[in-house]
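Asks: Next come the chains, spelled out residue by residue.
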Amino acid sequence: MTSERALRMLSRRTAVGVAVVAPLAASACSASEMLDPVKAPPPSTPPAPANPDQSVIDATVAAILGADEGAPSAFVQLHRVHIEALAPTKGVTAAPASGRWQERQLALVTTLTAAAGRAADPQLITLLASAAAGQQQLLHGRGLA
Amino acid sequence: MTTATSASTEALQAALAVEHSAIYVLGALGGRTSATSSPALARALTDAYDDHVNAREALAAHVVAAGIEPVAPSAVYDLPGRIGSEAGIGAAALQLEQDTTATYLSLAPKATGTDRTLLIRLLCRAAARQLDLGAKPRAFPGT
Numbered sequence: 001m002t003s004e005r006a007l008r009m010l011s012r013r014t015a016v017g018v019a020v021v022a023p024l025a026a027s028a029c030s031a032s033e034m035l036d037p038v039k040a041p042p043p044s045t046p047p048a049p050a051n052p053d054q055s056v057i058d059a060t061v062a063a064i065l066g067a068d069e070g071a072p073s074a075f076v077q078l079h080r081v082h083i084e085a086l087a088p089t090k091g092v093t094a095a096p097a098s099g100r101w102q103e104r105q106l107a108l109v110t111t112l113t114a115a116a117g118r119a120a121d122p123q124l125i126t127l128l129a130s131a132a133a134g135q136q137q138l139l140h141g142r143g144l145a
Numbered sequence: 001m002t003t004a005t006s007a008s009t010e011a012l013q014a015a016l017a018v019e020h021s022a023i024y025v026l027g028a029l030g031g032r033t034s035a036t037s038s039p040a041l042a043r044a045l046t047d048a049y050d051d052h053v054n055a056r057e058a059l060a061a062h063v064v065a066a067g068i069e070p071v072a073p074s075a076v077y078d079l080p081g082r083i084g085s086e087a088g089i090g091a092a093a094l095q096l097e098q099d100t101t102a103t104y105l106s107l108a109p110k111a112t113g114t115d116r117t118l119l120i121r122l123l124c125r126a127a128a129r130q131l132d133l134g135a136k137p138r139a140f141p142g143t
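Heads up: the protein sequence lines correspond to chains A and B, in order. If you number the first sequence the way this note's numbering does, the last residue is 145 and the count never jumps. If you number the second sequence the way this note's numbering does, the last residue is 143 and the count never jumps.
If we strip away everything but chain A, and leave its shape as in the complex, we get:
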């Protein structure tokens, strides 16, 4: 559809809308009552419930970030993919790193496995378990596991 045609259709719809609205506005009801079906939630509406697994996610992401230092780029890239999929809370920082990078990558498989063991949401369990397997594959490919 060309933009010109789209504009013409839009104008026609606007015209129809005005034609429908006009009699209502002229009636005894106020126009604002009739034309504003979307209302703000009442002030007492509670906030959306927090994800019960969020602490598991954030702790895991902190461990992944902590394993970045000194690791080959293939591992760091894999970490990025896993972190993005886990959707952590904004501002999660890396856990303190210690030991050689190889040891940290191996420990990460254990961390991901343990996190999958603690998680409640089946989708998160699947994600963490598969991430552990992805990490193990990369280690195995380098002869480290």
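Everything labelled a hint here was simulated from the structure, so no lab data went into it. For each residue, glycine too, the CB sits at the ideal point set by N, CA and C. A few of these clues could be false.
[What the hints assert, rightly or not] SDA-like cross-link-like pairs, simulated, lysine to any residue; straight-line CA separation at most 25 Å:
id	chain 1	residue 1	chain 2	residue 2
1	B	110	A	51
2	B	136	A	68
3	B	136	A	72
4	B	110	B	14
5	B	136	A	80
6	B	110	A	59
7	B	110	A	52
8	B	136	A	65
9	B	136	A	143
10	B	136	A	140
11	A	90	A	58
12	A	90	A	71
13	B	110	A	50
14	B	110	A	47
15	B	136	A	103
16	B	110	A	87
17	B	136	A	139
18	B	110	A	114
19	B	110	A	123
20	B	110	A	122
21	B	110	A	118
22	B	110	A	58
23	B	136	A	84
24	B	136	A	58
25	B	136	B	121
26	B	136	A	101
27	B	110	A	120
28	B	136	A	120
29	B	110	A	121
30	A	90	B	140
31	B	136	A	106
32	B	136	A	77
33	B	136	A	73
34	B	110	B	57
[As the list claims (entries may be wrong)] Simulated DEER-style distance windows between Cβ atoms:
id	chain 1	residue 1	chain 2	residue 2	range
35	B	43	A	102	35 to 41 Å
36	A	121	B	77	31 to 37 Å
37	A	51	B	43	44 to 50 Å
38	A	143	B	6	20 to 26 Å
39	B	40	A	52	45 to 51 Å
Place chain B on chain A using the hints.
Replies: Quick look at chain B alone, frame taken from chain A:
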């Protein structure tokens, strides 16, 4: 036995049934592979076979610990097609490991506690074995 424990043991039993099948198929594939003319494939199949036997034992031990009789193997399993060449045998073994990985991943959320941990550990082993059979690493194996 609670429902959660029952579901967890059922997941182990399903994994055990997969291992019985994998051991049978890998035995058949290994029997068709020459260690002289295809040493790398023969070694990969032998390692995979040993790994699956270890997995079977670990799973059976968990099932017995839950007070349940482990599922028994069938007398015979269907073999994959096109296993008349080294390439065909390698492809069939890789497919088996990919299927095993996917099965473990689907079973892990159904298990709890140490049963789930075991399933994920075996999932990781299956994913790693794929590389020995020519697969490339993936960010999320089994999905």
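Asks: If a hint holds in the structure, say so; if it does not, say that too.
Replies: Cross-check of the supplied hints:
1. Taking the CA atoms of residue 110 of chain B and residue 51 of chain A, the gap is near 20 Å; set against the 25 Å cutoff, the hint holds.
2. Distance restraint check for residue 136 of chain B and residue 68 of chain A: the Cα-Cα separation of roughly 22 Å lies within the 25 Å cut-off, and the hinted pair is therefore satisfied.
3. A threshold of 25 Å between alpha carbons decides the hint, and for residue 136 of chain B with residue 72 of chain A the separation of about 17 Å falls inside it, so the pair holds.
4. Distance restraint check for residue 110 of chain B and residue 14 of chain B: the Cα-Cα separation of roughly 11 Å lies within the 25 Å cut-off, and the hinted pair is therefore satisfied.
5. Of the pairs offered as hints, the one joining residue 136 of chain B and residue 80 of chain A holds, with about 18 Å between alpha carbons and a cut-off of 25 Å not exceeded.
6. Distance restraint check for residue 110 of chain B and residue 59 of chain A: the Cα-Cα separation of roughly 23 Å lies within the 25 Å cut-off, and the hinted pair is therefore satisfied.
7. A threshold of 25 Å between alpha carbons decides the hint, and for residue 110 of chain B with residue 52 of chain A the separation of about 18 Å falls inside it, so the pair holds.
8. For the hint pairing residue 136 of chain B with residue 65 of chain A, the CA-to-CA distance comes to about 24 Å; that is within 25 Å, so the pair holds.
9. About 14 Å separates the Cα atoms of residue 136 of chain B and residue 143 of chain A, which keeps this hinted pair within 25 Å; it holds.
10. Annotation: proposed proximity of residue 136 of chain B to residue 140 of chain A holds, straight-line Cα distance about 11 Å (limit 25 Å).
11. Of the supplied pair hints, the one linking residue 90 of chain A and residue 58 of chain A holds, its CA atoms being roughly 9 Å apart against a limit of 25 Å.
12. Taken as a hint, the residue 90 of chain A and residue 71 of chain A pair is honoured in the structure, with Cα atoms around 23 Å apart against an allowance of 25 Å.
13. Pair hint residue 110 of chain B plus residue 50 of chain A holds up; C-alpha atoms about 23 Å apart against a cutoff of 25 Å.
14. Taken as a hint, the residue 110 of chain B and residue 47 of chain A pair is broken in the structure, with Cα atoms around 31 Å apart against an allowance of 25 Å.
15. Using a Cα cut-off of 25 Å, the hinted pair residue 136 of chain B and residue 103 of chain A holds, with the two alpha carbons roughly 22 Å apart.
16. The straight-line distance between the Cα atoms of residue 110 of chain B and residue 87 of chain A is roughly 23 Å, inside the 25 Å bound, and the hint therefore holds.
17. Of the pairs offered as hints, the one joining residue 136 of chain B and residue 139 of chain A holds, with about 12 Å between alpha carbons and a cut-off of 25 Å not exceeded.
18. This hinted pair checks out: residue 110 of chain B and residue 114 of chain A have alpha carbons roughly 15 Å apart, not beyond 25 Å.
19. Under the criterion of a C-alpha separation no larger than 25 Å, the hint pairing residue 110 of chain B with residue 123 of chain A is consistent with the structure, at around 11 Å.
20. Using a Cα cut-off of 25 Å, the hinted pair residue 110 of chain B and residue 122 of chain A holds, with the two alpha carbons roughly 8 Å apart.
21. The hinted pair formed by residue 110 of chain B and residue 118 of chain A meets the criterion: a straight-line CA distance of about 13 Å does not exceed 25 Å.
22. Note on residue 110 of chain B and residue 58 of chain A: the hinted pairing holds, with a Cα-Cα distance of about 23 Å set against a maximum of 25 Å.
23. Proximity of residue 136 of chain B to residue 84 of chain A is assessed by CA-CA distance (about 21 Å); at most 25 Å being required, the pair is judged to hold.
24. Of the supplied pair hints, the one linking residue 136 of chain B and residue 58 of chain A is violated, its CA atoms being roughly 29 Å apart against a limit of 25 Å.
25. Restraint check for residue 136 of chain B and residue 121 of chain B: the C-alpha separation of about 20 Å stays at or below 25 Å, so the hint holds.
26. The suggested pairing of residue 136 of chain B with residue 101 of chain A holds, with an alpha-carbon distance near 22 Å, which does not exceed 25 Å.
27. Simply put, residue 110 of chain B and residue 120 of chain A have alpha-carbon atoms about 11 Å apart, close enough for the 25 Å limit, and the pair holds.
28. Taking the CA atoms of residue 136 of chain B and residue 120 of chain A, the gap is about 31 Å. The hint is violated against a cut of 25 Å.
29. In summary, the hint linking residue 110 of chain B to residue 121 of chain A is supported, as the alpha carbons are separated by about 11 Å, within the 25 Å threshold.
30. For a cut-off of 25 Å, the pair hint linking residue 90 of chain A to residue 140 of chain B stands: about 23 Å separates their Cα positions.
31. Simply put, residue 136 of chain B and residue 106 of chain A have alpha-carbon atoms about 19 Å apart, close enough for the 25 Å limit, and the pair holds.
32. Under the criterion of a C-alpha separation no larger than 25 Å, the hint pairing residue 136 of chain B with residue 77 of chain A is consistent with the structure, at around 15 Å.
33. For the hint linking residue 136 of chain B to residue 73 of chain A, the alpha-carbon distance of about 16 Å falls within 25 Å, and the restraint holds.
34. With a C-alpha separation of about 20 Å, the suggested pair residue 110 of chain B and residue 57 of chain B falls inside the 25 Å cut-off, and the hint holds.
35. Here the CB-CB span from residue 43 of chain B to residue 102 of chain A is close to 24 Å, at odds with the stated 35 to 41 Å.
36. Between residue 121 of chain A and residue 77 of chain B the beta carbons are some 35 Å apart, a value that agrees with the proposed interval 31 to 37 Å.
37. Hint check: residue 51 of chain A to residue 43 of chain B, Cβ distance near 45 Å, so the stated range 44 to 50 Å holds.
38. A hinted range of 20 to 26 Å for the beta carbons of residue 143 of chain A and residue 6 of chain B is inconsistent with their spacing of about 41 Å.
39. Distance hint check: the CB atoms of residue 40 of chain B and residue 52 of chain A are about 47 Å apart, consistent with the given range 45 to 51 Å.
Checked against the numbered hints given earlier, this structure breaks hints 14, 24, 28, 35 and 38; the rest are met.
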